[in-house]
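Colleague: Residue numbers (full-length UniProt numbering): 1 to 183.
Because the hints were derived from the structure by calculation, they are not lab data. The reader is advised that the hints may include incorrect statements.
[Unchecked claim] With a cut-off of at most 20 Å between alpha-carbon atoms, the simulated EDC-like pairs for lysine to aspartate or glutamate come out as follows:
1. LYS28 to GLU178
2. LYS52 to GLU178
3. LYS35 to ASP144
4. LYS69 to GLU178
5. LYS39 to ASP163
6. LYS50 to ASP163
7. LYS168 to ASP152
8. LYS124 to ASP144
9. LYS136 to GLU178
10. LYS28 to GLU142
11. LYS39 to GLU172
12. LYS35 to GLU160
13. LYS159 to GLU172
[Said to hold, decoys possible] The calculated label-pair distances, taken between Cβ atoms and stated as ranges, are:
14. GLU108 to LYS55: 13 to 23 Å
15. THR104 to ASP144: 30 to 40 Å
16. ALA20 to LYS156: 17 to 27 Å
17. SER43 to PRO180: 14 to 24 Å
18. GLU22 to PRO127: 22 to 32 Å
19. LYS159 to ASN24: 37 to 47 Å
20. SER92 to ALA20: 38 to 48 Å
21. LYS39 to ASP61: 36 to 46 Å
22. SER74 to LYS39: 23 to 33 Å
Just so it is clear, the structure is predicted and the values come from calculations on it, not from any experiment. Ideal Cβ positions, reconstructed from N, Cα and C, are used throughout, including at glycine.
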Amino acid sequence: MKIKLFIGIFCLLSFISLNAYELNGDLKLQWTGYKTEDKVGVSGTFKEIKLKIKKNDNFVDFLKSANVKINTLSLDSGLDVRNKSMVNTLFSLKSSQKITASITKVDEKAHTLNMKLTMNKVTKNVPMKYMIKDGKVMAKGEIDILNYKMSDSFAKFAKECFDLHKGKTFSEVTVAFELPFKK
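Throw the hints in and build the complete structure from the sequences for me.
Modeller: In structure tokens:
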């Protein structure tokens, strides 16, 4: 009798773990900053992104287990000169060279989530809209660099890019990610 019970529990646990949500590829992250009065977008990512996420039977708990660490010095805008400019101005402070993020709340009905983002030793909740498509959670939200005590470094960046940005650099940045998963 004990053997049948043990086998039954083992089979049930095996079945449950087969239906768990888990990572199925690499996290993709994108930021978009804006310049000129026409609010022209410039997008990029970071080359050094570390993701830790735990396999879970519950979708919300799976998402909330995600923790991300980003090395801001690995910024990649697709243009070396721009990368150097942004790293040397926006991320010049030692305290701004690392960004951490985690998901703190998920509303499946409204397709929204809150991402806790820490940059320059300042933590803010970033509301994001998300959708699920082709086995990926795709989320998008907006931050303001000035909310992270980066007004001096932002001013340096805006001054350095004044002519290229035709006198206008926006402090708002769109942040987006794609998290591939399988069940």
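Colleague: Of the numbered hints stated earlier in the document, which are not met by this structure?
Modeller: 6, 15 and 16
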